[in-house]
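With the hints as your guide, set chain B onto chain A.
There are 2 protein chains.
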Amino acid sequence: MKEVRVGICGLGTVGGGTYNVLTRNAEMIAGRAGCPIRISRIASRRRRDDLDLGQIPFSTDVFDVVNDADVDIVVELIGGYDVARELVLAAIKNGKHVVTANKALIAVHGNEIFEAAAERGVIVAFEAGVAGGIPVIKAIREGMSANRIDWIAGIINGTGNYILTEMRAGREFGEVLKEAQALGYAEADPTFDVEGIDAAHKLTILASTGFGVPLQFERAYTEGISEITPYDIAHAELLGYRIKHLGIARRRESGIELRVHPTLVPQSHLIAQVDGVLNAVLVDGDAVGQTMYYGPGAGDEATASAVIADIVDVARTVAHESLQRVPYLGFEPSSLDNLEVLPMEDVQSAYYLRIEALDRPGVLAKIASVMSEHGINIESIMQKESELEDGRIPVIILTHTVQERQINRAIEDLEALAEIEDKVVRIRAENFN
Amino acid sequence: MKEVRVGICGLGTVGGGTYNVLTRNAEMIAGRAGCPIRISRIASRRRRDDLDLGQIPFSTDVFDVVNDADVDIVVELIGGYDVARELVLAAIKNGKHVVTANKALIAVHGNEIFEAAAERGVIVAFEAGVAGGIPVIKAIREGMSANRIDWIAGIINGTGNYILTEMRAGREFGEVLKEAQALGYAEADPTFDVEGIDAAHKLTILASTGFGVPLQFERAYTEGISEITPYDIAHAELLGYRIKHLGIARRRESGIELRVHPTLVPQSHLIAQVDGVLNAVLVDGDAVGQTMYYGPGAGDEATASAVIADIVDVARTVAHESLQRVPYLGFEPSSLDNLEVLPMEDVQSAYYLRIEALDRPGVLAKIASVMSEHGINIESIMQKESELEDGRIPVIILTHTVQERQINRAIEDLEALAEIEDKVVRIRAENFN
Chain A
1 MKEVRVGICG LGTVGGGTYN VLTRNAEMIA GRAGCPIRIS RIASRRRRDD
51 LDLGQIPFST DVFDVVNDAD VDIVVELIGG YDVARELVLA AIKNGKHVVT
101 ANKALIAVHG NEIFEAAAER GVIVAFEAGV AGGIPVIKAI REGMSANRID
151 WIAGIINGTG NYILTEMRAG REFGEVLKEA QALGYAEADP TFDVEGIDAA
201 HKLTILASTG FGVPLQFERA YTEGISEITP YDIAHAELLG YRIKHLGIAR
251 RRESGIELRV HPTLVPQSHL IAQVDGVLNA VLVDGDAVGQ TMYYGPGAGD
301 EATASAVIAD IVDVARTVAH ESLQRVPYLG FEPSSLDNLE VLPMEDVQSA
351 YYLRIEALDR PGVLAKIASV MSEHGINIES IMQKESELED GRIPVIILTH
401 TVQERQINRA IEDLEALAEI EDKVVRIRAE NFN
Chain B
1 MKEVRVGICG LGTVGGGTYN VLTRNAEMIA GRAGCPIRIS RIASRRRRDD
51 LDLGQIPFST DVFDVVNDAD VDIVVELIGG YDVARELVLA AIKNGKHVVT
101 ANKALIAVHG NEIFEAAAER GVIVAFEAGV AGGIPVIKAI REGMSANRID
151 WIAGIINGTG NYILTEMRAG REFGEVLKEA QALGYAEADP TFDVEGIDAA
201 HKLTILASTG FGVPLQFERA YTEGISEITP YDIAHAELLG YRIKHLGIAR
251 RRESGIELRV HPTLVPQSHL IAQVDGVLNA VLVDGDAVGQ TMYYGPGAGD
301 EATASAVIAD IVDVARTVAH ESLQRVPYLG FEPSSLDNLE VLPMEDVQSA
351 YYLRIEALDR PGVLAKIASV MSEHGINIES IMQKESELED GRIPVIILTH
401 TVQERQINRA IEDLEALAEI EDKVVRIRAE NFN
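Residue numbers (the UniProt record's numbering), protein chains in the order written: chain A, 1 to 433; chain B, 1 to 433.
Hints are computed from structural coordinates only; laboratory data are not their basis. Computed from a prediction, not measured in an experiment: that's the story for all the values here. Even for Gly, the Cβ is constructed at its ideal location relative to N, Cα and C. Accuracy of the hints is not assured; some may be wrong.
[Stated by the list, open to error] Residues of chain B placed beyond 10 Å of chain A at every Cβ, according to the derived structure:
no.	residue
1	R32
2	P57
3	G224
4	A304
[Claimed, not checked] What follows is a list of derived Cβ distance ranges for each label pair:
no.	chain 1	residue 1	chain 2	residue 2	range
5	B	N433	A	E27	25 to 35 Å
6	A	E27	B	E412	39 to 49 Å
7	A	P57	B	E86	47 to 57 Å
8	A	R171	B	E218	48 to 58 Å
9	B	E218	A	R24	58 to 68 Å
10	A	R24	B	E119	51 to 61 Å
Isolated chain A, as found in the complex (with noise of 0.2 Å):
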């Protein structure tokens, strides 16, 4: 029985937690994978005093991981593009398997290196990249794979579900940002969770291994949580829905709708009831139906859970000898479907609306005017007494589903009326069904 030589690059949260998972379940890990799995190599910036790496060689220059001879698969945990580019092109160049859970690299860069991998024989595998531990990835490309998959959506940004789960209790934004940057589940610059960013990235993923289509990172919309207050939370729970940052990738006949942002979901759908820092990810099939993946989507040994079941994955097919078995993306290559991702305009969804109009006779009826003239349906409408002091009113509308520009036209005529003065605030909404 052959033993399977792993090179880890980057010894920092999920680096660490890889070695410490692999050394601890050593044995149970080489009963599953039919062979031993030895690390071989470890390169890292640092060093790191809490680990005790015994005899296993050390470096502080990652390329080292890449050019020695020892090592048969290297396991990409250094984050960020371009050094991680470089390094996983050269470990592809020298006929090394990757393992990464770099969902930045395989978003912006994943085309280029799955045609390099492709050309050299080699796996490069990424489900630590999406979801942290759950393997969602494997479900989409494997589980799934009788399916045309329709649509896919997903709480897949722990830090942005922690704060909205907060909010719940009528808190601002910004001081729970603060205690999440307290307890470490937010970056000093939250930037890329709050926005959208790293959501996008992974909803990028999830996308083309479900619809079979190159990454089109560069295209996914994104719209972060920041301007989400305590109040329009509560009245979309009292419209019986809960806002969550979802990322949804819908298959549609002229494309692909690729998007991050807050949204309203049924509170009594399951995926509702997700709430701090986990994670789910729903993947409706048209053979299946409706299947949900649920977990931690972070932390060092959740993360090391799913960079280790590559790591198996690729040991069980180079143990015995076999060529790659699933293709990186779910898809051959060159059964890859030349579907773009649509422009914003061309979304489809429902959305909810707050209007803050003045206090006149007949300004509900200009209101239902203007968006039945745009041909948009409304499912429910709300008109709250007044809390305002200057006698505004609040006027909340949930439509049916429409296209973004039906929505963005009756909002232009909307704030060009002159009882409605503020921006109308419009968050989008999914039903699931």
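Quick look at chain B alone, frame taken from chain A:
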């Protein structure tokens, strides 16, 4: 590019679904599998008028499929134990790979089948046997391969979950069962579903793939839901719990807990929100923590989704001329553990007890003293006003985790008290933490 030829045995619900999805999504599936998948033969006791089988050779003898040189993969969808076992062993003997949706077959005859398949070097895949369209076998055998899996708990019988869901409205078991039969959710003879036998088949498979132990269905404990009353459901809800029919497998140092029974789960846990005919499986691993897999556990195309995922897995392996990549139970046969299923008395659980006591002074103290004598700590106790004509008062107790042996003895002593004339109602409880 080689094609892979599939022979379908059995054209019932799942057989028809498999035929339809393989036909409808043929091009997309070929793009995922790396080769076309052709249905080269079908056998079933009866032809189905609603399916246009075109030029595909059809026979009424399923053994024709096994003996056809034009078949690479035998898809066993006839169900049952004896003929199915013979059919699968004959297929293996002829060097065919096998895909089956037959949980009973695998749970009861799996050890024998896997040994024969390993000798002959063929794949036996059974994703569709557990939780229908949810790829939970894949998640456990491959997605969780880094983990020491500590426990698995699932709602893995849709009929039972439908009945318990409807009973929350105060309806009696018998009434809801009749409705479920009328709706086609329950069989004319509902024993397999409501007494937990079907769930025990599935749980046996989950436990063996999770823990790496041989299949031990004959040692599984089963308790059905026919004795559950709306009264206990309502009182569990008052305590913050919901009653679900769970399959629970837990790894202990001395052996494996393997048990299906009604179980109180916290309302706040995601699995409590899984209603109707839907299934969900919780998997707890030492690295990843808790993950959950949710979706339809039955239905023609949902189950076909899992059957075809297995076919694609085989095709991806066969087309690349590699060997069995993932071991049958997720562990190499030489790495299987020899842990045995524990007797039910050794199981550890929390318990909900409902005691109907005569309303005499000191009765509560007597009950508490019995519990204390047996070393059982009480989590909460609720004494209700008597709703009964004869003045008996219901006392409801939720305990901390203890051994089943302790509870059995405590119940014996409780039932020996002069104030307690009825049997004590006992339902197990889990907090999943």
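Each hint tested on the structure:
1. R32: violated (5 Å)
2. P57: Answer for B:P57: holds, closest chain A Cβ roughly 23 Å.
3. G224: holds (26 Å)
4. A304: violated (6 Å)
5. B:N433 - A:E27: 25 to 35 Å: holds (27 Å)
6. A:E27 - B:E412: 39 to 49 Å: Hint holds: Cβ distance 43 Å, inside 39 to 49 Å.
7. A:P57 - B:E86: 47 to 57 Å: Because 55 Å falls inside the window, the suggested range holds.
8. A:R171 - B:E218: 48 to 58 Å: Holds: the Cβ-Cβ distance is about 55 Å, inside 48 to 58 Å.
9. B:E218 - A:R24: 58 to 68 Å: With Cβ atoms ~33 Å apart, the hint is violated.
10. A:R24 - B:E119: 51 to 61 Å: Given about 34 Å between the Cβ atoms, the range is violated.
Hint check: violations occur at hints 1, 4, 9 and 10; the rest are consistent with the structure.
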